[in-house]
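The listed protein sequences derive, respectively, from chains A, B, C and D. Per this note's numbering, the very first residue in the first sequence carries number 3; after that it's consecutive. Per this note's numbering, the very first residue in the second sequence carries number 3; after that it's consecutive. Per this note's numbering, the very first residue in the third sequence carries number 3; after that it's consecutive. Per this note's numbering, the very first residue in the fourth sequence carries number 3; after that it's consecutive.
Some hints could be false.
Lysine to aspartate or glutamate pairs mimicking DMTMM-like chemistry, simulated, CA-CA at most 20 Å apart [to be verified]:
#1 D:Lys184 to D:Asp240
#2 B:Lys393 to D:Asp269
#3 C:Lys181 to D:Asp359
#4 B:Lys393 to B:Glu320
#5 D:Lys12 to D:Asp22
#6 D:Lys388 to B:Asp269
#7 D:Lys181 to C:Asp62
#8 C:Lys223 to D:Asp240
#9 A:Lys48 to A:Asp22
#10 D:Lys276 to B:Glu320
#11 D:Lys181 to D:Asp170
#12 A:Lys223 to A:Glu320
#13 A:Lys276 to A:Asp359
#14 A:Lys393 to A:Asp318
#15 C:Lys393 to A:Asp269
#16 C:Lys276 to A:Asp359
#17 D:Lys276 to C:Asp226
#18 B:Lys12 to B:Asp269
#19 D:Lys184 to C:Asp62
#20 C:Lys112 to C:Asp62
#21 C:Lys150 to C:Asp226
#22 B:Lys388 to D:Asp359
Far from chain D, some chain A residues (derived; all Cβ distances over 12 Å) [stated by the list, open to error]:
#23 Asp22
#24 Ser32
#25 Ser121
#26 Lys223
#27 Leu249
#28 Asp282
#29 Gln289
#30 Pro290
#31 Gln293
So the derived label-pair ranges between C-beta atoms look like this [as the list claims (entries may be wrong)]:
#32 A:Asp269 to B:Pro133: 14 to 22 Å
#33 B:His279 to D:Asp109: 53 to 61 Å
#34 C:Lys113 to A:Ser9: 35 to 43 Å
#35 D:Thr141 to A:Lys184: 54 to 62 Å
#36 A:Lys184 to B:Thr21: 53 to 61 Å
Hints are computed from structural coordinates only; laboratory data are not their basis. For glycine and all other residues, C-beta sits at the position ideal for the given N, C-alpha and C.
Protein chains: 4
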Amino acid sequence: MQNKSFSDFKSHAQDIVQTDIIEAESLLLSHQWSQLQQTIETIRQKIKQSGLWAPHLPQDIGGQGLTVSQLGEFSAILGQSPLGHVCFGCQAPDAGNAELLHLYADDRIKKQFLIPLASGAIRSCFAMTEPAMAGSNPTRLGASAELKDGHWHINGHKWFTTGADGADFAIIMAVTEPKAAKHQQASMIIVPTDTPGYSLVRNISVMGSEGDGYFSHGEVKFTDVKVPQHNLLGQRGDGFLMAQQRLGPGRIQHCMRWIGIARRCFDIMCRHVKQRHITDTQTLAQQPVIQVKIADSYAAIEAAQHLVQATAERIDKEGYAAARHAISMIKFHTAQMLQQVMNHAIQALGGLGVTDDTVLSFFYREERAARIYDGPDEVHQLSLAKQLLAKFD
Amino acid sequence: MQNKSFSDFKSHAQDIVQTDIIEAESLLLSHQWSQLQQTIETIRQKIKQSGLWAPHLPQDIGGQGLTVSQLGEFSAILGQSPLGHVCFGCQAPDAGNAELLHLYADDRIKKQFLIPLASGAIRSCFAMTEPAMAGSNPTRLGASAELKDGHWHINGHKWFTTGADGADFAIIMAVTEPKAAKHQQASMIIVPTDTPGYSLVRNISVMGSEGDGYFSHGEVKFTDVKVPQHNLLGQRGDGFLMAQQRLGPGRIQHCMRWIGIARRCFDIMCRHVKQRHITDTQTLAQQPVIQVKIADSYAAIEAAQHLVQATAERIDKEGYAAARHAISMIKFHTAQMLQQVMNHAIQALGGLGVTDDTVLSFFYREERAARIYDGPDEVHQLSLAKQLLAKFD
Amino acid sequence: MQNKSFSDFKSHAQDIVQTDIIEAESLLLSHQWSQLQQTIETIRQKIKQSGLWAPHLPQDIGGQGLTVSQLGEFSAILGQSPLGHVCFGCQAPDAGNAELLHLYADDRIKKQFLIPLASGAIRSCFAMTEPAMAGSNPTRLGASAELKDGHWHINGHKWFTTGADGADFAIIMAVTEPKAAKHQQASMIIVPTDTPGYSLVRNISVMGSEGDGYFSHGEVKFTDVKVPQHNLLGQRGDGFLMAQQRLGPGRIQHCMRWIGIARRCFDIMCRHVKQRHITDTQTLAQQPVIQVKIADSYAAIEAAQHLVQATAERIDKEGYAAARHAISMIKFHTAQMLQQVMNHAIQALGGLGVTDDTVLSFFYREERAARIYDGPDEVHQLSLAKQLLAKFD
Amino acid sequence: MQNKSFSDFKSHAQDIVQTDIIEAESLLLSHQWSQLQQTIETIRQKIKQSGLWAPHLPQDIGGQGLTVSQLGEFSAILGQSPLGHVCFGCQAPDAGNAELLHLYADDRIKKQFLIPLASGAIRSCFAMTEPAMAGSNPTRLGASAELKDGHWHINGHKWFTTGADGADFAIIMAVTEPKAAKHQQASMIIVPTDTPGYSLVRNISVMGSEGDGYFSHGEVKFTDVKVPQHNLLGQRGDGFLMAQQRLGPGRIQHCMRWIGIARRCFDIMCRHVKQRHITDTQTLAQQPVIQVKIADSYAAIEAAQHLVQATAERIDKEGYAAARHAISMIKFHTAQMLQQVMNHAIQALGGLGVTDDTVLSFFYREERAARIYDGPDEVHQLSLAKQLLAKFD
């Protein structure tokens, strides 16, 4: 996409976020799930008509074909609302799943699953994390799939399967090659959720709420699930490799989404302190202890944004492999920045900050996990350090 | 109470917390309010029979008459569970309200409200904070009460009126002397919640949940509410003075409750990392990045506990006035310690930490406000500094 | 300068820093001032011959005419050594003074002072800060200059007059318009250091050392000093305006210099931990607690560098006024990053880190002041916040 | 010592610190070593006459026989000045060495070395740390001592041998049992510094200065040094055990000394901001950003003091072994508190803070090492965590 048109593209999206999408947040904050779903559908129609749908997908399957760095900028716009990505059709895990299908599925699967997924007609989930295994070591998997008579026989216990509630199919990560090297044991297999033996045990209650649909994290069991051999994505044993490829771009988008969240929190904080009187003539905005929070938040957001944007541009130029250490770096740096900014904003809002009268407390709850999902800070810190230290031999 | 018997007293309470009370937490975490209420009642019976009920109240109204420092130690035990204080009959705001009635109410009011409140037969709330006024300046109040024909005519808009849902009476803080000096304008007046003009607008949704009963924060309106003159507590214009006296001991108990919370989070963290394998032979407990969190948390908790305990002992010896700056100091120091420890614990638990499968995420959500209620950190920091600097003239 | 040639330019400078300049540091660390001065002269000759001298100055007075952003990148290279800027002829305060003379001096002054200053033949100092006045409010000045009979009669007491020891002239900031508005009272006047009444009271002992020459901070008195009227730079009362203009680019260069320092500290830290054994088979580099410091340091440096570079590019495009808030932002953000990285590096080196066997402890001592000079963090934080909040009216 | 008399004892010491000792600091800050030494001698005479000399030593060798917790309190008083411990005869490493000799030396050695050391007539040093070995693993030692013909033949290379400059004897830690278990290989041996083969290579330049005498850290070589067999302290192979016993009480005193330093820095900060005007009517003390530093510093100091004092009291009651984890805890907690307070104080003083016109910058430089010597923070954090986690099996 050309710079000129991308600039229009962004400003169009910004308008929709500022008007329609932020308006709809109150339905999310008050857990009015069915009304929320309807409202999202309405907004999605508008977005599709505006030619902004699925910015992450190639144009041949109905997307906008943005580059990594464009998608990053775009993600910061959508991230301002928890509904942004959902409305534009690029919410996790559907976004990543669609990329997987686009790259690795055969035509039959593409027709059956990718086309309706890309258009928002169906939903999906990604079953990787397991309750019995530490997420910080993704190569430890209990789930297994055995190929017998042209079918995969799958058993496993997963959780944090985001959006399992309402998903039409799952992509499960399971060990198919138990005797291979540690990183070559797992494969990805598509499991329609109406397959016998698949069950959504519960929507896990996370930070006080079980959520619903897109806004839920499932605990899922696969008990002697049987799917055809061609439901395998890519090659046997390539699961980790594909997961890395899937998570790489996803991390840029997470980071930019977090920057969008941080900007929104910053905005709410600034607006609040400007109008909040502590005496007849003084507002919170005039208090130095508040001003320091505002200055620190701003500097932290700006620094993180430049860092993520530079990483995205590097990926566009040199590919993911070259930017691997940079991706680890932005993952923990941006997540920590976000937590700091959310925390400052809540403190500046006082009692109002912990209520659901603003979106702040939603972000504060939901995005504590930013420092945990897709690898906790500590895993990325150690990984980055090892890569950096290797240059000093 | 003698040291020997207090030691038994504490160990008895610890047993009840560890067995009955922690067992009941799942009802709170899953919002099963009516079952929770029944379970609390059962536990309360046991506690009453054990002679541990209402540790904060004088013995003549059915309490245990602990000193400030004993009550502090006790509060750290109860604080390990969000249900601890409720089960022992010393939950906010009833605890503070009972103290107010004990000190300032006439016999009629005591009979009508204090006796049933002390026994847990009725509940109460304390209506001070207002949505239109910054909590950091408590002398700014919009609520007013005018004495006409032997009755107080009250108007006001309050929120964060904890436990308003189900309360039998409110104590409202309202301006009765608009022309007096800033700190002598307000008075406290008892308003039965069935008085015409009193209405609970809503349970505010806080951190994603409207809660229920004890576990709720109300938005309350007083519209031309009329109560008898003798519903005034203490003297006209003494509202702030009484609020300070009410909050002083309350802050010790908050701080010790937070220490109890921090110890519980520490405990959950240590147990988790000991059993969580990241390889077949390695647990999280063996990871230095986890060990640093554990060491830092422990040192921070211990330091805060000694600081709060020393402040409590000073109050017992020298009274509140002498310890005023120390109370400001422990308020922000302990609240910040708590946030840090909760945060470490969540990070150490990873995905599990943000679920409601442990009590961690409840504490993380609910106690973010520890740095806000009863005066935000910043207010206490500035107050402490001014008192300290005054000595350098 | 073209990108291609600037790339060569930088790599040439990097070579000189890595070889000649770092080699000379031991003379600085062991206070061998006269040998150090000789060595600097030798390196300067090489730099002049290489066409790299005075990168900050316009080409018409012997400099290299770099843009703001090029100069920033260059400053990060030179900053790796405390001798970098001195050897390349762009050390404070001579660099800023030369810019002032270039912009505001008449031809006579330029000939007398600018030409030899630009070539490194003479040195200068800038007398602004006063011991009796808080540096955080630069408009408070005790120094005064009165115009009588075609001469300025100057009285004042200054300190932190960097490089006063050995300077041939000072530029003093003094009040010439005591009745004007606060920001229009001061002017800049050139005072040759052999003028009667000028005295260097002492080299202030800073962090344990009085230093020498370039590496010193003077306390200076002006007692009935008399200089010709044309020694005024610019217009009467324009002192603050000119100081802002002088400090604006200086801040970019300070920030990039600090990034150079941080990179050097990072480098020393990484090299040390790779070779430092703690058992026969384990090095410090394999310790996760060290790895976390390395990862955090790297991310912080990268983020700060992108932030400063973006600010420099903005100045090149839009001018200083447009970037005023960004300059405040990078001033405190980068200085804090530097302190954090230096601190991590010292901790990683252990006992060696506090010795003068590496340059770390020199940076640690000297650059604590980075968070103070040119406006303490707090001044820039409040200034930034006010500018940001003004947009929320 | 009784409480009453200990109270007088402390107040007497406080007077001497506030008057004589602080007065003498300027000699230290300006490196006037010989005058400093004379002044110290004069003050020592006064202290001896006041019956305050050597508070750490038993009364039978001329000390005051304080308990661990009394000594802690006393150390906080002396710590207010870098000269405090030296003047009272309880400076490291002489204090610890005297304790070693008292416990482990035979009568001949006691007479020759302990008596004059206790009285301040001679000085000593303790040679443990080695440049080639990471201090974080004290069991790695290169120094060796072999018993041949009734003499120890010693070879080794040590550094950070505090006070080697001027010491009359060294206690060296050397491997005497190379085949024993890791913690039972080393022994302690007395080496008079006039023994052939002993050489003080240099006073290491630390934080910009080589120091002198008490205020120096030596690099020391032992080349085929030969001393009599009875110069062994305690039993062969008990070196680590004895070092632990020596360091245990030393850590309490270090921590309390740091608290003294922190209080002094706090005091300097408060006095400065009260008198520093930033406008005609406003002082720094009225600035909220300064007030926050003051409040945070105060709370941190108080918390640390209570923690250390509680640990000291526990040692008095239960002995060192019971308090082992608490000693690790206070070591890193107090050292980190100190760094934070020193840093706040410097920032509050601005430019003045980095000069040697106050003692702040001396403390800032010298006590960066508080987080390193006697075990870096990280070592104590990991050690504490392991001890704590062991209870969760």
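(request) List, from low to high, the hint numbers that the structure doesn't satisfy. (result) Of the numbered hints, 3, 7, 8, 10, 11, 12, 14, 16, 17, 19, 22, 29, 30, 31, 34, 35, 36 do not hold.
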